[in-house]
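Undergrad: Each protein sequence line maps, in turn, to chains A and B.
Under the numbering used here, the first residue of the first sequence carries the number 1, and numbering increases by one thereafter.
Under the numbering used here, the first residue of the second sequence carries the number 1, and numbering increases by one thereafter.
Bear in mind the hints are in silico, worked out from the structure with no lab data behind them.
There's no promise every hint is true.
Where chains are identical, the list cannot tell them apart; a pair therefore holds if satisfied intra-copy or between any two copies.
Distance condition first, Cα-Cα at most 30 Å in a straight line; then the derived BS3-like pairs of lysine-lysine [claimed, not checked]:
#	residue 1	residue 2
1	K60	K23
2	K173	K242
3	K23	K173
4	K26	K8
5	K8	K60
6	K26	K175
7	K175	K23
8	K242	K23
9	K173	K60
10	K60	K26
11	K60	K175
12	K26	K173
13	K242	K8
Protein chains: 2
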Amino acid sequence: MSIGDPLKLMAPEQLRLAARQGKFNKPTSGMAPGFVQCNLVIVPQHYAGDFADFCRRNPKPCPLLAVSPRPGDFSLPELGLDIDVRTDIPRYRRWEDGVLVDEPSHLLDHWTDDHVAFALGCSFSFEEALLAGGLEIRNISEGVNVPMFRTNQPCASAGPFAGNLVVSMRPMKPKDAIRAIQICTRFPAVHGAPVHFGDPTQIGIGDLQQPDFGDAVSIRNNEVPLFWACGVTPQVALENAKIPLAFTHAPGYMLVSDKLNTGLAVL
Amino acid sequence: MSIGDPLKLMAPEQLRLAARQGKFNKPTSGMAPGFVQCNLVIVPQHYAGDFADFCRRNPKPCPLLAVSPRPGDFSLPELGLDIDVRTDIPRYRRWEDGVLVDEPSHLLDHWTDDHVAFALGCSFSFEEALLAGGLEIRNISEGVNVPMFRTNQPCASAGPFAGNLVVSMRPMKPKDAIRAIQICTRFPAVHGAPVHFGDPTQIGIGDLQQPDFGDAVSIRNNEVPLFWACGVTPQVALENAKIPLAFTHAPGYMLVSDKLNTGLAVL
Numbered sequence: 001m002s003i004g005d006p007l008k009l010m011a012p013e014q015l016r017l018a019a020r021q022g023k024f025n026k027p028t029s030g031m032a033p034g035f036v037q038c039n040l041v042i043v044p045q046h047y048a049g050d051f052a053d054f055c056r057r058n059p060k061p062c063p064l065l066a067v068s069p070r071p072g073d074f075s076l077p078e079l080g081l082d083i084d085v086r087t088d089i090p091r092y093r094r095w096e097d098g099v100l101v102d103e104p105s106h107l108l109d110h111w112t113d114d115h116v117a118f119a120l121g122c123s124f125s126f127e128e129a130l131l132a133g134g135l136e137i138r139n140i141s142e143g144v145n146v147p148m149f150r151t152n153q154p155c156a157s158a159g160p161f162a163g164n165l166v167v168s169m170r171p172m173k174p175k176d177a178i179r180a181i182q183i184c185t186r187f188p189a190v191h192g193a194p195v196h197f198g199d200p201t202q203i204g205i206g207d208l209q210q211p212d213f214g215d216a217v218s219i220r221n222n223e224v225p226l227f228w229a230c231g232v233t234p235q236v237a238l239e240n241a242k243i244p245l246a247f248t249h250a251p252g253y254m255l256v257s258d259k260l261n262t263g264l265a266v267l
Numbered sequence: 001m002s003i004g005d006p007l008k009l010m011a012p013e014q015l016r017l018a019a020r021q022g023k024f025n026k027p028t029s030g031m032a033p034g035f036v037q038c039n040l041v042i043v044p045q046h047y048a049g050d051f052a053d054f055c056r057r058n059p060k061p062c063p064l065l066a067v068s069p070r071p072g073d074f075s076l077p078e079l080g081l082d083i084d085v086r087t088d089i090p091r092y093r094r095w096e097d098g099v100l101v102d103e104p105s106h107l108l109d110h111w112t113d114d115h116v117a118f119a120l121g122c123s124f125s126f127e128e129a130l131l132a133g134g135l136e137i138r139n140i141s142e143g144v145n146v147p148m149f150r151t152n153q154p155c156a157s158a159g160p161f162a163g164n165l166v167v168s169m170r171p172m173k174p175k176d177a178i179r180a181i182q183i184c185t186r187f188p189a190v191h192g193a194p195v196h197f198g199d200p201t202q203i204g205i206g207d208l209q210q211p212d213f214g215d216a217v218s219i220r221n222n223e224v225p226l227f228w229a230c231g232v233t234p235q236v237a238l239e240n241a242k243i244p245l246a247f248t249h250a251p252g253y254m255l256v257s258d259k260l261n262t263g264l265a266v267l
């Protein structure tokens with residue numbers, strides 16, 4: 001293939017194998033187009049019930065797609081028959097007492113029979129649907145990470161897991177924003193419709209050019225900012241919970257599944 | 001019945017009969033809840049093809065629900081077996097060369113074998129769905145007609161029928177506006193999702209407190225205006241067309257059909 005990056009054309013299974021063998025260590029954005037990519041959270045069994053509750057009570061930021069079949073089982077058969085959550089993501093994050101301590105390339109040295117993995121839906125899926133609908137996505141056009149912001153909107157808490165909603169922002173013309181709301185409504189499993197648009201101060205955001213995560217994007221005169229519930233929310237809840245040990249994917253380095261994005265559409 | 005207006009509880013058929021007999025001559029807003037009410041346009045056969053084209057090319061302002069089975073036939077069996085379009089609306093408008101000349105209570109003296117009637121969807125249907133969804137509709141809360149505005153957005157023309165889109169405006173909080181977009185998307189036969197929100201100058205509207213039709217409503221600090229394609233649009237196209245003769249319903253005096261609003265939902 002002479003056009004583009006041949007890695008992009010790898011099937012999800014090949015991509016996971018390459019990550020497992022240490023041959024692929026880049027962000028997964030744009031890889032295996034058409035397939036669902038997931039946020040990953042791993043917690044000790046003791047906290048798994050509370051974390052599952054946190055997801056159930058906050059389905060827009062934390063749409064739960066799959067959970068380990070049992071503690072210590074590193075497969076996720078709902079998302080792909082060969083998945084090994086210890087190795088199939090190119091970069092992980094290790095958290096101790098809510099503090100990021102390391103970004104390992106695999107968890108073979110860390111995984112125990114006590115661990116439970118949670119896979120959550122990710123904005124890549126609805127961004128694909130928006131692009132297919134002819135809409136422009138500014139962070140993609142400008143080749144940067146989507147800007148994300150902490151809001152003043154509290155999540156429903158569960159056990160030690162609590163915190164405010166984090167949102168991602170994409171600016172659009174009002175007409176396109178209406179179309180984006182329609183398209184994303186079809187995808188509740190990947191954050192669904194936006195939660196807010198327009199005045200950022202209404203949800204506690206000060207300056208759209210100073211995102212808390214990701215990169216700033218340009219906003220044109222005739223555009224409004226649209227805000228979606230964001231998968232960084234559970235990572236913030238994890239920091240707040242200060243549990244002794246947890247693992248997540250590193251931002252942008254997602255678990256690539258065998259599920260089709262189009263299969264997530266509720267209609 | 002001691003609660004409310006007993007007229008409101010009349011079945012569509014009874015309401016039409018009362019209008020036919022000259023016993024009911026009020027606006028139909030709030031009458032026969034649950035049933036589809038329609039805008040009516042009557043033109044001579046010579047212009048019927050162009051008017052049908054105008055509707056087809058502009059389905060958001062002109063969602064066509066029914067047409068006379070043949071020129072001169074004053075029934076509309078698609079909307080109710082007993083409908084007589086000459087008598088069943090409490091107040092009509094007569095137009096000559098695009099000028100409003102009269103508001104008769106029936107068309108028995110005017111109807112000829114040359115006339116063709118068009119019934120178009122009306123915002124009452126989606127307002128009912130929005131209320132059922134727990135949303136507030138300001139014009140209803142304030143007991144006034146919805147404010148309507150001429151825009152600078154041209155309709156697709158057909159023969160002599162041409163003009164800019166007219167929109168109705170309802171202010172909402174962004175969160176409610178997102179829900180309203182979702183709900184109205186289910187009802188393409190009654191104007192569907194809004195066509196714009198936010199800055200009114202983007203569609204050529206100067207002052208939201210000076211509507212071109214209907215009444216002004218209050219807009220609160222944390223609200224944005226939402227704009228829907230409006231059934232007054234074909235009336236403006238009719239004025240512009242300056243055809244020798246045409247009839248419409250008078251604003252607010254609609255044709256009440258036997259179709260259920262819920263039956264218009266596409267999902």
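Undergrad: Hint by hint, where does the structure go against what was stated? Just the numbers, ascending.
TA: 1, 2, 3, 6, 7, 8, 12 and 13
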